[in-house]
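Protein chains: 2
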Amino acid sequence: MARKISSSGISRRSVLTTIAALPILSTPPLRTSARAQGADQLPSWNNGPAKQAIIAFVQATTDASSSKFVPREARIATFDQDGTLWVEHPMYTQVIYCLDRVPALVRQRPELRERAPFKTVLSGDREAIAKLPLHELEEVLFATLTGMTVDQFSTEAKAWIATAKHPRWDKLYIDLTYQPMQEVLRYLRANGYKTYIVTGGGQDFVRVYSQQVYGIPREQVVGSASGTTYGYNKDGNPILTKDPKLLLNDNNAGKPEGIHLMIGRRPFAAFGNSTGDQQMLEYTHAGDGARLAMIVLHDDAKREYAYGPAQGLPDTKVGTFTQGLYDEAKIKGWTVISMKDDWNRIFAFEAAGSRALQ
Amino acid sequence: MARKISSSGISRRSVLTTIAALPILSTPPLRTSARAQGADQLPSWNNGPAKQAIIAFVQATTDASSSKFVPREARIATFDQDGTLWVEHPMYTQVIYCLDRVPALVRQRPELRERAPFKTVLSGDREAIAKLPLHELEEVLFATLTGMTVDQFSTEAKAWIATAKHPRWDKLYIDLTYQPMQEVLRYLRANGYKTYIVTGGGQDFVRVYSQQVYGIPREQVVGSASGTTYGYNKDGNPILTKDPKLLLNDNNAGKPEGIHLMIGRRPFAAFGNSTGDQQMLEYTHAGDGARLAMIVLHDDAKREYAYGPAQGLPDTKVGTFTQGLYDEAKIKGWTVISMKDDWNRIFAFEAAGSRALQ
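Those sequence lines, one after another, are chains A and B.
All residue numbers for the first sequence refer to my numbering, where the first residue is 6 and numbers rise by one.
All residue numbers for the second sequence refer to my numbering, where the first residue is 6 and numbers rise by one.
Keep in mind that the hints are not guaranteed to be accurate.
Pairs count within a copy or across copies, as identical chains cannot be separated in the list.
Taking lysine-lysine and the BS3-like style, the derived pairs with C-alpha atoms no more than 27 Å apart in a straight line are [to be verified]:
hint, residue 1, residue 2
1, Lys124, Lys322
2, Lys250, Lys322
3, Lys73, Lys170
4, Lys176, Lys337
5, Lys124, Lys307
6, Lys239, Lys322
7, Lys307, Lys176
8, Lys337, Lys307
9, Lys322, Lys337
10, Lys335, Lys239
11, Lys163, Lys124
12, Lys239, Lys337
13, Lys73, Lys163
14, Lys239, Lys250
15, Lys322, Lys170
16, Lys307, Lys335
17, Lys322, Lys176
18, Lys124, Lys337
The hints are simulated quantities; they were obtained by calculation from the structure and are not laboratory data.
Start from the sequences, fold in the hints, and give me the full structure.
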């Protein structure tokens with residue numbers, strides 16, 4: 006978590022300015038139920054280099070007569086979550102969870118009520134919260150993500166994620182996944198690929214909903230992970246308690262390191278959207294044969310958000326996509342996905358093809 | 006690795022005294038090719054409480070009308086490797102690998118030639134090697150298991166495991182897996198269980214052969230793991246280098262902790278053979294519904310080895326099975342597998358049913 010979080014990134018002002026800008030759904034939905042052989046498996050993608058890259062990769066690696074054929078057991082595809090599979094602005098969903106947990110935490114540990122940074126979080130003053138220094142924000146994260154048993158944490162996170170909504174769309178966070186990426190997940194799995202989430206977010210947090218939201222089982226989530234300590238409760242039953250100590254920081258170089266630890270294979274396809282994914286994309290793309298490295302550029306302020314600072318987009322600390330990373334992608338032959346140009350639909354709740362037909 | 010290794014356990018004397026005791030294969034092989042519905046899936050198991058426990062567990066958890074039914078995605082079974090899936094005496098196979106690597110290591114790093122403990126290992130003096138203190142043995146392990154890229158390590162280990170033989174049987178180590186456990190692996194997988202190795206041995210080491218030897222893919226191996234460091238070689242290509250630092254010590258309490266980290270689910274079935282498996286068995290068995298916890302007792306000096314010290318068997322530092330663990334198994338309702346009484350065949354290269362028909 007830590008490297009991905011910056012106090013200056015916590016702001017909901019952009020929500021207020023963009024909430025009025027939702028697209029008007031003026032076109033009838035396209036038929037998307039076609040399941041026949043040859044039907045478009047990626048209907049939310051406009052025809053273009055990004056869609057073509059995905060299809061060409063799958064065809065080359067699954068055709069037994071191709072020199073780039075990949076045996077089924079080696080078909081591994083890894084996906085960053087925040088900003089790649091679902092919305093990460095104005096702030097990572099898990100950070101919202103941690104802030105929302107503070108009242109319950111303070112009920113259990115009243116001595117924290119008057120102490121910084123918990124007092125600030127309890128005040129509800131978003132401006133002040135946005136200004137918390139990194140070490141104080143980390144204190145909130147560790148206090149709300151560790152110290153309990155893994156079962157308690159799972160229960161708490163599950164209850165929250167089932168009801169918590171994003172203020173801009175007034176939709177559940179779990180409904181704010183990108184429909185085009187959901188299609189890629191299904192398309193890859195239909196072609197024998199094992200899909201993994203490789204996230205800077207908390208492994209235990211994402212595991213709570215990964216099956217329901219992405220069709221990805223718990224054991225295929227690689228994320229930042231605290232250690233646990235085995236012990237016994239008062240009845241003598243075994244428990245695992247979450248340690249306030251990071252075992253795996255699954256960001257930047259930690260992504261290929263985490264992939265090796267948890268999967269033990271180099272992926273053939275990887276998807277990301279920020280500098281935190283750079284090393285995963287490098288590592289994936291440097292393998293031999295056909296490799297697919299794709300990176301989502303958030304260039305659609307109208308339908309989602311616009312940030313970079315690549316390509317002159319507004320700078321951000323949440324999901325930073327630098328011009329240097331953009332240039333590396335172009336030089337190395339990774340594919341940059343333009344949300345604006347490559348996706349005709351962003352969310353499942355939008356009408357299909359809303360942008361393509363504008 | 007560390008906790009499982011003891012200098013006093015390194016001895017090949019028992020090999021010399023038992024090598025003449027190989028069973029004479031005097032009976033014709035049973036037919037084991039029956040694949041028809043209802044055929045015995047566990048032909049190397051004698052009828053008895055252990056075999057019955059396995060079959061009853063699978064039937065209860067896969068019958069949709071049973072109150073103990075387990076949905077397919079939750080069907081996780083974990084297996085210790087050394088002493089549970091293959092022979093661990095007189096010494097863990099991976100430790101033999103490390104000792105065998107020392108000459109190549111010294112060629113690369115000549116300054117080690119005259120230094121303890123490498124000088125001792127190079128001497129070939131088994132008595133002296135057996136007396137190496139733990140910290141010196143660990144120095145050999147770290148020097149031979151870390152410092153190289155993960156790809157280099159994989160190449161080296163693969164070459165060794167393809168040819169290295171156990172002195173007692175003059176068979177490849179990979180041919181010394183227990184046929185009854187291979188049958189359990191296949192039986193569980195045929196019933197929708199995902200089988201994992203959860204070993205105190207090195208994760209990267211076991212991954213080299215897990216698919217070939219057990220039908221278990223690399224990503225389903227949980228083991229003691231060093232961290233890795235992401236970097237670039239002189240050509241600018243990404244590499245992962247194995248750090249001389251233990252990230253996960255997958256023994257004792259480290260087994261349930263490793264299971265949570267790598268799988269994120271509590272197993273429904275677990276198999277072990279020593280005190281290093283105690284916490285994994287406790288954790289598994291304490292779950293609700295039907296749970297299977299089984300522990301192999303090496304009580305067959307004639308066909309394999311006999312050690313405990315449970316039940317008055319000879320004591321050992323390699324795969325210790327204490328009387329305390331035996332008593333815990335009996336009290337908690339885990340099943341102790343007697344190699345002597347429950348297995349009519351130990352290795353695939355033996356005639357089927359060799360013991361049952363004696």
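Against the structure, the hints:
1. Lys124 <-> Lys322: Cα proximity of lysine 124 and lysine 322: one copy only (24 Å, versus 54 Å across).
2. Lys250 <-> Lys322: Answer is within: at 24 Å inside a copy they meet the 27 Å cutoff, but 32 Å across does not.
3. Lys73 <-> Lys170: neither (44 Å within a copy, 36 Å between copies)
4. Lys176 <-> Lys337: neither (38 Å within a copy, 48 Å between copies)
5. Lys124 <-> Lys307: Neither. Shortest intra-copy (36 Å) and inter-copy (70 Å) distances fail the 27 Å Cα cut-off.
6. Lys239 <-> Lys322: Neither: 44 Å inside a copy, 32 Å across copies.
7. Lys307 <-> Lys176: within (17 Å within a copy, 68 Å between copies)
8. Lys337 <-> Lys307: For lysine 337 and lysine 307, neither the intra-copy (30 Å) nor the inter-copy (61 Å) Cα distance is at most 27 Å.
9. Lys322 <-> Lys337: Answer is within; shortest intra-copy Cα gap is 25 Å, inter-copy 53 Å.
10. Lys335 <-> Lys239: between (58 Å within a copy, 22 Å between copies)
11. Lys163 <-> Lys124: within (26 Å within a copy, 57 Å between copies)
12. Lys239 <-> Lys337: between (57 Å within a copy, 17 Å between copies)
13. Lys73 <-> Lys163: For lysine 73 and lysine 163, only the inter-copy Cα distance (24 Å) is at most 27 Å; the intra-copy one is 41 Å.
14. Lys239 <-> Lys250: within (24 Å within a copy, 34 Å between copies)
15. Lys322 <-> Lys170: within (22 Å within a copy, 56 Å between copies)
16. Lys307 <-> Lys335: within (26 Å within a copy, 66 Å between copies)
17. Lys322 <-> Lys176: within (24 Å within a copy, 59 Å between copies)
18. Lys124 <-> Lys337: Close neither inside one copy (48 Å) nor across copies (48 Å); limit 27 Å.
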